[in-house]
Amino acid sequence: TQLLEQSPQFLSIQEGENLTVYCNSSSVFSSLQWYRQEPGEGPVLLVTVVTGGEVKKLKRLTFQFGDARKDSSLHITAAQPGDTGLYLCAGRLQETSGSRLTFGEGTQLTVNP
Amino acid sequence: ETGVTQTPRHLVMGMTNKKSLKCEQHLGHNAMYWYKQSAKKPLELMFVYSLEERVENNSVPSRFSPECPNSSHLFLHLHTLQPEDSALYLCASSQDWRREGLSSYEQYFGPGTRLTVT
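Taken in order, these protein sequences are the chains called W and H. Residue numbers for the first sequence, in the working numbering: 1 to 113. Residue numbers for the second sequence, in the working numbering: 1 to 118.
Take these hints with a grain of salt, some might be off.
[Said to hold, decoys possible] In silico contact screen, one side only, chain W against chain H (beta carbon under 7 Å); selected entries: (1) P39; (2) E41; (3) G42; (4) L45; (5) T48; (6) F103; (7) E105.
[To be verified] Listed below are the simulated DSSO-like cross-link pairs for lysine-lysine, each with C-alpha atoms no more than 27 Å apart in a straight line: (8) K70/W to K40/H; (9) K36/H to K70/W; (10) K56/W to K70/W; (11) K19/H to K40/H; (12) K22/H to K36/H; (13) K70/W to K57/W; (14) K70/W to K41/H; (15) K40/H to K22/H; (16) K36/H to K18/H.
It should be emphasised that the hints constitute simulated quantities derived from the structure, not laboratory data. Beta carbons: idealized from backbone N, C-alpha and C, even for Gly.
Extracted from the complex, chain H is given alone in its bound form:
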């Protein structure tokens, strides 16, 4: 596997279900991100982890719970979601932005999980 992978690619869940999205990066990066992409809206940053520590949480509802057990893996646990949470959820990784050099600016994305909440 290369780059950033995400599973599952598609997920349909009811509002009372609990599910998890998984992301894995094979790029040797140490920062990972969750984004939400909805139709006709810019990408919305949800969470940022650097060196396995959550460094940013952009007022995301508690029904979304991230977990970063190590620098290669990132999870998004979902619980009692709403229909408006239906979207493409994208994971990305980068080098720690506090490092010098171009690589610290660049984020690499996975293919996303298309989530539908019914």
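Isolated chain W, as found in the complex:
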């Protein structure tokens, strides 16, 4: 059973469309990160959220942490081809005191011109 479920797994849209990807769990996280990974490269950190209900914006990207800190969403407005990539959510379980980040399987986004 995957601790962090991401949906959808694949998403192909046209330039200019809006989209939302989700990261869900039945466990509580003390923090959650979103990364974007391009082919042949490592994941690049986009944002960290730590407070339930927190909303952070990064240009056209809006990140939200659920009130109960069990889920998160990433909304992209007016998607561009440069947004194409694998979006990964990763979190640190509240019940652990160590370093471990739990990763989701990712959402592969393709934005077509």
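For this one, chain W is given, so just place chain H on it according to the hints.
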């Protein structure tokens, strides 16, 4: 150099070879990690070092041997690998997670080494 660097970027090796992957971080962090990324699987944590001491080893086969000579460098020594070990190997670094503050949550990744075992 900035951030986290990894060499080589690509490696093809036979099952009887011995090779090493290198990671260097220029962020002043004191914790370093090795991850394995295979197709259609979440990132798998392999090893964690904090202050040059190995603090986590997630049941990784002994054909993978990590080494952390100082807080800026991390190696992964490879010996008699199997074809199923072919994957993208990612190094990451962070501040020690026992510190207070946001920075302790955030891991920064290198570009990875694409390993193919033939």
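Comparing the hints with the structure gives:
no.: 1; hint: P39; verdict: violated (10 Å)
no.: 2; hint: E41; verdict: holds (5 Å)
no.: 3; hint: G42; verdict: holds (4 Å)
no.: 4; hint: L45; verdict: holds (6 Å)
no.: 5; hint: T48; verdict: holds (6 Å)
no.: 6; hint: F103; verdict: holds (4 Å)
no.: 7; hint: E105; verdict: holds (5 Å)
no.: 8; hint: K70/W to K40/H; verdict: holds (23 Å)
no.: 9; hint: K36/H to K70/W; verdict: holds (25 Å)
no.: 10; hint: K56/W to K70/W; verdict: holds (17 Å)
no.: 11; hint: K19/H to K40/H; verdict: holds (26 Å)
no.: 12; hint: K22/H to K36/H; verdict: holds (14 Å)
no.: 13; hint: K70/W to K57/W; verdict: holds (19 Å)
no.: 14; hint: K70/W to K41/H; verdict: holds (21 Å)
no.: 15; hint: K40/H to K22/H; verdict: holds (25 Å)
no.: 16; hint: K36/H to K18/H; verdict: holds (18 Å)
Consistency with the previously given hints fails for number 1 only.
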